Amino acid sequence: EPEVTQTPSHQVTQMGQEVILRCVPISNHLYFYWYRQILGQKVEFLVSFYNNEISEKSEIFDDQFSVERPDGSNFTLKIRSTKLEDSAMYFCASSESRQGSGYTFGSGTRLTVV
Amino acid sequence: AQRVTQPEKLLSVFKGAPVELKCNYSYSGSPELFWYVQYSRQRLQLLLRHISRESIKGFTADLNKGETSFHLKKPFAQEEDSAMYYCALSVGDNSGAGSYQLTFGKGTKLSVIP
Numbered sequence: 001e002p003e004v005t006q007t008p009s010h011q012v013t014q015m016g017q018e019v020i021l022r023c024v025p026i027s028n029h030l031y032f033y034w035y036r037q038i039l040g041q042k043v044e045f046l047v048s049f050y051n052n053e054i055s056e057k058s059e060i061f062d063d064q065f066s067v068e069r070p071d072g073s074n075f076t077l078k079i080r081s082t083k084l085e086d087s088a089m090y091f092c093a094s095s096e097s098r099q100g101s102g103y104t105f106g107s108g109t110r111l112t113v114v
Numbered sequence: 115a116q117r118v119t120q121p122e123k124l125l126s127v128f129k130g131a132p133v134e135l136k137c138n139y140s141y142s143g144s145p146e147l148f149w150y151v152q153y154s155r156q157r158l159q160l161l162l163r164h165i166s167r168e169s170i171k172g173f174t175a176d177l178n179k180g181e182t183s184f185h186l187k188k189p190f191a192q193e194e195d196s197a198m199y200y201c202a203l204s205v206g207d208n209s210g211a212g213s214y215q216l217t218f219g220k221g222t223k224l225s226v227i228p
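Residue numbers (the numbering used here), protein chains in the order written: chain C, 1 to 114; chain S, 115 to 228.
Worth flagging that the hints you see were computed from the coordinates, not collected in a lab. Quantities reported herein were computed from a predicted structural model and do not represent experimental measurements. Quick reminder that beta carbons are idealized off the backbone N, C-alpha and C, glycines included. One should not assume that every hint holds.
[Said to hold, decoys possible] Partial selection, computed: residues in chain S whose CB lies under 10 Å from chain C:
#	residue
1	Val127
2	Arg155
3	Arg157
Throw the hints in and build the complete structure from the sequences for me.
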């Protein structure tokens, strides 16, 4: 069964540093997403990406965040200057079509900002 | 704004007992609802979507628009059902691009006692 692959599984970074979280979505999927889950809290939507541009983003997704699909297979989330409160599990997901089909999630990257 | 409520943080049942994981939602439009499951140290996996009216691993969920609920049920719990269960509601994006975001509940941890 096809999987969404995320690397690294765990990243520790110092406050103020830039981090890039990487994802390889399922190859025939058209829609890509990032979500995050702060420990003990709910899974929250960050951004959706379609046709090489952001189609929707949440209030969390401020100027510190950016996404890119640099080479047609990878889908990256960059946090420019990390803050302590960015510590969370970050999930990448992809979907084949519009609403109703459900997502396939990656296994997540645990980001710890110290 | 849409909201998903899972009132129980933890639900413990004995093996063989019936299970009902509650989910209520608030959304002014026509919702599409999902259940995701996360087994220990694994990724979020799609369990059910209301449009397909399927039964997966013995679980079923019926959308009740009058009560704005989408409760997950299983007549006889198994030990392997122990996991975190998340109810989610999908909302189309404002751009009409076809991507959509999921609004998650906080999750219910199901523990099946042998």
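Going through the hints against the structure:
1. Val127: S:Val127 check fails; min Cβ-Cβ to chain C is 23 Å, beyond 10 Å.
2. Arg155: holds (9 Å)
3. Arg157: Hint on S:Arg157: holds, closest Cβ of chain C at ~4 Å, below 10 Å.
In this structure, the one hint that does not hold is number 1.
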